[in-house]
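S.K.: Now for the letters of each chain:
Number of protein chains: 2
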Amino acid sequence: MKKILNQPESYVDEMLSGFTAAHPEYYEQPDRRVIVRAGGSVQGKVGIVTGGGSGHLPIFTGYVGPGFLDACAVGDVFASPSAEQMASAIRHANGGAGVLRLYGNYGGDVMNFDMAGEMVEMEDDIATATVLLADDVVSAPKQEAEKRRGVAGMVYAFKIAGAAADTRADLGEVTRIAQKAADSCRSIGMALSPCIVPQAGKATFAIGEDEMEMGMGIHGEPGIWRDKLKPADAITDEMIDRILADHEFGKGDRLSVLVNSLGATPLEELYIMYRRVKQRFDDLGAEIVMPLVGRYATSMEMTGATITTLALDEELERYLKAPAACAYWQV
Amino acid sequence: MKKILNQPESYVDEMLSGFTAAHPEYYEQPDRRVIVRAGGSVQGKVGIVTGGGSGHLPIFTGYVGPGFLDACAVGDVFASPSAEQMASAIRHANGGAGVLRLYGNYGGDVMNFDMAGEMVEMEDDIATATVLLADDVVSAPKQEAEKRRGVAGMVYAFKIAGAAADTRADLGEVTRIAQKAADSCRSIGMALSPCIVPQAGKATFAIGEDEMEMGMGIHGEPGIWRDKLKPADAITDEMIDRILADHEFGKGDRLSVLVNSLGATPLEELYIMYRRVKQRFDDLGAEIVMPLVGRYATSMEMTGATITTLALDEELERYLKAPAACAYWQV
Chain W
1 MKKILNQPES YVDEMLSGFT AAHPEYYEQP DRRVIVRAGG SVQGKVGIVT
51 GGGSGHLPIF TGYVGPGFLD ACAVGDVFAS PSAEQMASAI RHANGGAGVL
101 RLYGNYGGDV MNFDMAGEMV EMEDDIATAT VLLADDVVSA PKQEAEKRRG
151 VAGMVYAFKI AGAAADTRAD LGEVTRIAQK AADSCRSIGM ALSPCIVPQA
201 GKATFAIGED EMEMGMGIHG EPGIWRDKLK PADAITDEMI DRILADHEFG
251 KGDRLSVLVN SLGATPLEEL YIMYRRVKQR FDDLGAEIVM PLVGRYATSM
301 EMTGATITTL ALDEELERYL KAPAACAYWQ V
Chain Y
1 MKKILNQPES YVDEMLSGFT AAHPEYYEQP DRRVIVRAGG SVQGKVGIVT
51 GGGSGHLPIF TGYVGPGFLD ACAVGDVFAS PSAEQMASAI RHANGGAGVL
101 RLYGNYGGDV MNFDMAGEMV EMEDDIATAT VLLADDVVSA PKQEAEKRRG
151 VAGMVYAFKI AGAAADTRAD LGEVTRIAQK AADSCRSIGM ALSPCIVPQA
201 GKATFAIGED EMEMGMGIHG EPGIWRDKLK PADAITDEMI DRILADHEFG
251 KGDRLSVLVN SLGATPLEEL YIMYRRVKQR FDDLGAEIVM PLVGRYATSM
301 EMTGATITTL ALDEELERYL KAPAACAYWQ V
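Chains as they are written, first to last, in UniProt numbering: chain W, 1 to 331; chain Y, 1 to 331.
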């Protein structure tokens, strides 16, 4: 297993120890598997909490910070945090104005976050609401969009919900805006090589030297189709076509685009893809605003990339551009 | 070859096209292989120029920006830019106060940058100076430190030289400070897997499933010794011990530390290493200031990491903390 670690069992706790030691200006760890903003929750502001498995940095816990999230519950690699950890994160995010649970649509996370919501409403009288990210267009057909997985679109939802909460909007309004951001995201992924989960110690899937997996999930879930490796422009076109089939963009539309490495794929290759993405939206007459190119939502050392579009209206664009800061993204 | 690209021959040009399209607020491309700050050179400020092979993003060209570099000459993957490209970068960096060439100690780069310096001094009457980064402690013994390779320490030198130039210090003074930053950096690398150069289409070296290469260069140059893969703390200790043997740190000393992924190694594993780095310097009574953990100087999709220390005095710490902005690092 070619990874830099001590014991698989201590991977996440040692990671969090280094993470908070490296960035004390952004992160505090009030509980074993909970990360909160330095300084804690903000009184009178709707708290925004997320959670999910480890192995996706900067997702999830990296996006805790001013203008982003208030707290995050941290699971083992690719595993849901417990309901207790999520309840603790909600309590730490609470500034007296309610807490929005904003996370990806995965069974274990949904079950535990629902339970955590009940716990804090009963025990602590904290009002909560939920917005699920389900942006992976190929993980279920459009008529069953609620079954889709949440992937890199989470990054946009965190940014926009965080900015909305910063205006001191109430829980209903922050929830509305976060839901609008979630509904405006479309993502698709592709992979060239798997990753290694520390506790398993082996690759999450096998793939030939000349193959690529299209529609891959961020935990190594099988893709939708496997193909011979194609040139970058053909791969990018296929991904963009799938997104456009689900959400049309045309003349005068404004959007943001995230071209994201799943881990190993270098920035150089993301820019080769972004070049093509830009050509495609230029051809449609749509304008890309504040593009993101880099590692925003990863699957450890997986080779591959995802493309996410965020359709903008005036409100979403304003929140996207509002000031925010964490260790990985500063606006 | 598991890479996302169109043709190997167009890799760098297509990458630059996407790079400038994604970040027009930071970068412009006035010449085919030259990247300059958006808005061009700053009148009356010493220009700072770098250059080198592609495949190391964010190094080199990513660090063009306010408080960092003024221009960069961009070579093919792991290949020096030409003297003409370097001369063009120097001309574009020139704001009338002279230009510092600040780059890594590699034969081809040194030869071409020296030639470029002669060209602009003769043809354009631009005064230039040179500071070479040679921070890789294991690439040559201490008594031949001038033979060492330049690796991730470049990131610190770019930051500090850029801040010094922003004070409108003259060329001699900017050169003095940049040299001090270069002399204060120590780096060491280790790799678990090679990378693939697009034009070669195959791995830069072969390594066993249970082996690691210590003292690896950032172009896949062979390491100094090969060992069985060890636990993260043992690897980190061995790297820190090599640095400490070259540059002592003790009680009350201040330093910055960069724990850098060579590409594929995930952030999670860098934090596991940083946790140990922090313990080691805590034990010495030395204080880490503004640690950097992430991908700052890569070798495409190589798996592995480097550790760099920057010994600080009051002057270097002030310049390290001065405002600066590029697409990858904002202070």
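The set of hints was computed from the structure by calculation and includes no laboratory data.
Every residue, glycine too, gets a C-beta built ideally from N, C-alpha and C.
It cannot be assumed that every hint is accurate.
With a Cα cut of at most 25 Å, we get these calculated DSS-like pairs of lysine-lysine [unchecked claim]:
#1 K180/W <-> K251/W
#2 K2/Y <-> K202/W
#3 K230/W <-> K228/Y
#4 K2/W <-> K202/Y
#5 K321/Y <-> K180/Y
#6 K202/W <-> K2/W
#7 K180/W <-> K147/W
#8 K180/Y <-> K202/W
#9 K278/Y <-> K230/W
#10 K202/W <-> K202/Y
#11 K202/W <-> K230/Y
#12 K142/W <-> K2/W
#13 K142/W <-> K202/W
#14 K2/W <-> K321/Y
#15 K278/W <-> K2/Y
#16 K147/Y <-> K2/Y
#17 K202/W <-> K180/W
#18 K230/Y <-> K2/W
#19 K228/W <-> K180/Y
#20 K180/Y <-> K2/W
Here chain Y is said to cover these stretches of chain W; the calculated rule only asks that three of the stretch's residues, wherever they fall, bring their Cβ under 8 Å from a Cβ of chain Y [unchecked claim]:
#21 230-239
#22 301-312
Listed next, with one range per pair, are the computed distances between beta-carbon atoms [to be verified]:
#23 F205/Y <-> Q43/W: 54 to 60 Å
#24 E144/Y <-> G285/W: 56 to 62 Å
#25 G40/W <-> T167/Y: 17 to 23 Å
S.K.: Which hint numbers does the structure go against, in order from smallest to largest?
M.R.: Failing hints, ascending: 3, 8, 9, 12, 13, 14, 16, 17, 19, 20, 25.
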